[in-house]
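Asker: Here is what each chain is made of, one letter per residue.
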Amino acid sequence: MATTTTTDFVSPEPSTTDNYLNNEKGLLSWLLTLDHKRIGVMYLFSVLASFALGGTFALLIRAELWTPGPTLPGVTADMYNQFFTLHGAIMVFLVIIPGIPAALGNIILPLQLGAKDVAFPRLNLMSYHVWILGACFMLLSLVLGAADTGWTFYTPYSTMTETAVIPAAFGAFVLGFSSIFTGLNFIVTIHKLRPKGMTWFRMPLFVWALYSTALIQVLATPVIAITLLMLIVERTLGIGIFDPALGGDPVLFQHFFWFYSHPAVYIMIVPAFGVISEIIPVFSRKPIFGYKFIALSSVAIAILGFLVWGHHMFTSGQSVLAGTIFSAITFLIAIPTAIKTFNWLATMYKGRIHLETPMLYALAFLWVFTIGGVTGMFLAVMSVDVHLHDTYFVVAHFHYVMMGGSITAFLGGLHYWWPKAFGRMYNEQIGRIGALIVFVGLNLTFFPQFILGSRGMPRRYYNYLEEFEGLHQLSTIGAFALGLGFLLTAYGLLSSLRKKFDAPANPWGATTLEWQTASPPPYYNFATPPEVTQGPYDGYENLEYDEKIRGYVPTKA
Amino acid sequence: MTDTTSETQSNSETHGHSAPPPGEPEPHEQTEAHAANGHGGGHGHSQYPHLAHHFDSPQQQFDAGKLGIWLFLVQEVLFFAGLFCAYTVYRAQHPEIFVYAHYHLDTTMGAVNTCVLLVSSLTAAWAVRNAQLGEKNKLVVNISITILCAFVFLGVKYKEYAHKVHEGTLWGHHFNPQHELWELDSFKSKHPESAKLAEKIAAIQFEGQPKRKGHGEREGSGAEAKAPAPKTPPLPAAMAGAADSDMKVRRIQSLLLQASDETLRPLVAAGIIKHNVLATTGLERPATAHIFFGIYFFMTGLHGIHVIAGIIVWIWMLLKAQRGQFGPNYFGPIDYAALYWHLVDLVWIYLFPLLYLIH
Amino acid sequence: MADSKAPSQDAPHNHGLAHTTPVWLLVSILLVLMFLTVLTVAVTSFDLGAQGNLVVAMVIATIKAGLVVTFFMHLAWDKRFHAIALAAGVLFLILFLAMVVADRGEYQIDIDRHGEKYPFKVK
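Chains as they are written, first to last, in this note's numbering: chain A, 1 to 557; chain B, 1 to 359; chain C, 1 to 123.
I should point out that these hints are in silico values taken from the structure, not numbers from a laboratory. All values reported here derive from a predicted model rather than from experimental measurement. Where is the CB? At the ideal position from N, CA and C, for every residue including glycine. Among the clues, some could well be false.
Stated by the list, open to error - Below are the BS3-like pairs computed for lysine-lysine, each with C-alpha atoms no more than 27 Å apart in a straight line: (1) C/K79 <-> B/K274; (2) A/K286 <-> A/K350; (3) A/K350 <-> A/K556; (4) C/K79 <-> A/K196; (5) B/K188 <-> B/K157; (6) A/K292 <-> C/K79; (7) A/K556 <-> A/K286; (8) A/K25 <-> A/K500; (9) B/K190 <-> B/K200.
To be verified - To list a few chain A residues with every Cβ distance to chain C over 10 Å, as calculated: (10) T71; (11) P73; (12) C136; (13) Y157; (14) E162; (15) R235; (16) A334; (17) T370; (18) F398.
Unchecked claim - What the simulated footprint calls covered on chain A by chain C, stretch by stretch (three residues with Cβ under 8 Å from a Cβ of chain C suffice, anywhere in the stretch; the number is not a length): (19) 244-257; (20) 304-310; (21) 316-322.
Kindly generate the complete structure, drawing on both the sequences and the hints.
Answerer: This is how it looks when you write it as structure tokens:
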């Protein structure tokens, strides 16, 4: 595929008025839309805005950690606690958990299924508005004296602290229902709205990933909902379930909390796996290797993910018996994850690699996620975790998987599907440079944190020993570089929106159904419901690049 | 394969010109009628006013909704799971709290509520049948009875809650029972001997202490008949230390040693006296008894909120039913509402024995 | 669509979208449920040991639940996947309870020691 600098390219055919971005105008036509694509776009911008807010807190944290002791003027230790609480709560509940499913999944899932919409469009809209409501409560907490408990809300501190825990917990409670309804919607859509000929094993891997994620969303999220409700009731009515001063049990809270929050991290990463599974075959011009294994490994991860929550509690007073069981099962989860990674590599082997921005992110993912995943295995070993728990090692691990995993894949998917969703090609040069800066920034920020952690630097600490200053400063530089990378990437994407529609239906030469309709799609998605007669990654050899439209068309054979 | 891709590709280029002739409006087949007009205005859809544009047939729409509501119910099971877990944990480790507390609950009211919900489940399931057969009047009756039963349930619950407020058996720091266990009718009727023994011991234990004000002994009780339980100084949970002389303790222990195992057992089970009789220096309430009531109010309260939500849904269904909207091709909402209602019933089926029938 | 055709072709004789439960069945199930409720209450007057009564009560409750789910909630005639979904939910519930109760049993001794040192008193 020729490299494209598409700043002034104009589509050979004028954009029509029945594409979903133009068919209706006005704010209400967006806020009250039932079109999954519009809902997805609204989620996208909401999630990106939340990411910017959470990222601002991250930069405040890193700036504060430039030197030991107080660094930023006016920032006290208590305020620092609020920073990392808000950073965590916003990133987890507002950005990464909804992230790929709500923003990308909503736009793309029905298109990949050749369907007109998701199964329950009104529920979909409600999911979005519930998300907004949850976000409002989170912001309310910010305003009323932000919670300082850490995003994990551990008791008994969270039942005692004077800060605004209740709005934050209630916000997360509300956001949980947004997640549940999205998951429910996707499961029914995938069961009921597949096109003729698309058996389960002809579904794109992104669909498998969204399905597995949805299973987790429906089964696990209600548990955090009740847990947060119990926390709120404990704070207001003093029931005494978690507070030892009232005869309660604080470790019980941790069991309840992590029963959801561990599967939650799989909600965060499994869709990312799906995105990578979409990108790699296309940009290697080769069908995915081991389709069934990748598909089923998503389901396996979803199920196994429910059995390992205690590995967050090795040092909490949980019994050694329980710890051993959890540790052993955690080792098992590495297997399906590794299967995926090897299959992606095998897909690229002897393929014709194209290094457009989505592929750059996918390659970055492979590197960064592997580091994150393997360090997770270190933490799964109880004897090692006793030393590393609550240190920066853990912080580095989860940022490698969440930032290096979920966010990297999110950005890759965003670039991949951007032409489809918005009908314009983003600026490829800016995209590539942005990807590079993000990759460097990410590693520079978080790799030193592995070293910090293994040398004993505790997490959530405002103050630290002199000897850690150098590594902290490296990390802070990295964080600001990362921020710069994100800003540049955002600019590259958003500036494309000023252009006229110039993207062809299939700029990348992919074979899944969403590329068989116009970019951007008409509001009804497909003129004729497509029929599927082959696997989702078959047929690269039947597509050829057409210079005129700068996209792929079927070979005229 | 290539043909398919090029066909749909060219379709999207030239915007769906290839409209095959509209098929007969056979509702159960995927027609190509609405292929011509992508947003579902084809013949098949106009025949079914309640068929959404993105579904091909009423069957598909109904099946999708059914799967959706079942997933919602699964989610609800896991929502209540946390509370059942808290219950299990505390009951496994502190059975005496549960034994102690259940005497404060009225089994009859609980059983009545169980039966009320079971009847409402019948009428809900019957309503689904009515909707399927298009029997509008019977549908309206059955929905109405369901709503009525729901209100009866809430009424009984309110009575129970009011009694508890009166009695002082609330959560956390508000736990201030007006009657000791052995003073309760439910305990006295079940274990008369044990109650008598406890009274004798209490008489010794609180010799010389001012009599606590009970229900009928409030000052100025006339005007305050409806006031909540007075804030008498609550007895400390462990009253054992109140036996302020060795003499008292010895008298109490001799009473305990003379009593038969059968008489002692209910008191031990309820945490009033310790297992080891010789270590007992008096009667005491189990220290964390309030946790039971915290769990009780949380579980029944959350269940009650679900009942209220159910009432709202049923009223909405009633309005739709009265307008004659339901029939053999469209009865999904009644079906889904009934499924939700059955779940509310199911939760209560477990709550009843767990909270009211503790032995 | 994968599911749109088949069920309707096999729709029962009344051409509906789903099976219709006969009234006699609904009423019979209610009577059985009422009976079981009475039984549950009656059993409490027998002492079957500390755990015995609980087990019996739970068994009866599960039978009742099973009847409601199978007949009132229609699972007997519904798609198998709904039953699987429900079973999965219940399975996870049991998993959750089992692990937490087991773990709590193991560290209960720490709580007891804490309770002895700092006995709780209602203020």
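Asker: With reference to the structure, classify each hint as holding or not holding.
Answerer: Hints, verified against the model:
no.	hint	in the structure
1	C/K79 <-> B/K274	54 Å, violated
2	A/K286 <-> A/K350	9 Å, holds
3	A/K350 <-> A/K556	26 Å, holds
4	C/K79 <-> A/K196	20 Å, holds
5	B/K188 <-> B/K157	24 Å, holds
6	A/K292 <-> C/K79	25 Å, holds
7	A/K556 <-> A/K286	20 Å, holds
8	A/K25 <-> A/K500	17 Å, holds
9	B/K190 <-> B/K200	18 Å, holds
10	T71	38 Å, holds
11	P73	42 Å, holds
12	C136	31 Å, holds
13	Y157	17 Å, holds
14	E162	19 Å, holds
15	R235	17 Å, holds
16	A334	21 Å, holds
17	T370	30 Å, holds
18	F398	23 Å, holds
19	244-257	holds (count 9)
20	304-310	holds (count 3)
21	316-322	holds (count 6)
Going through the hint list in order, the structure does not satisfy hint 1, though it satisfies all others.
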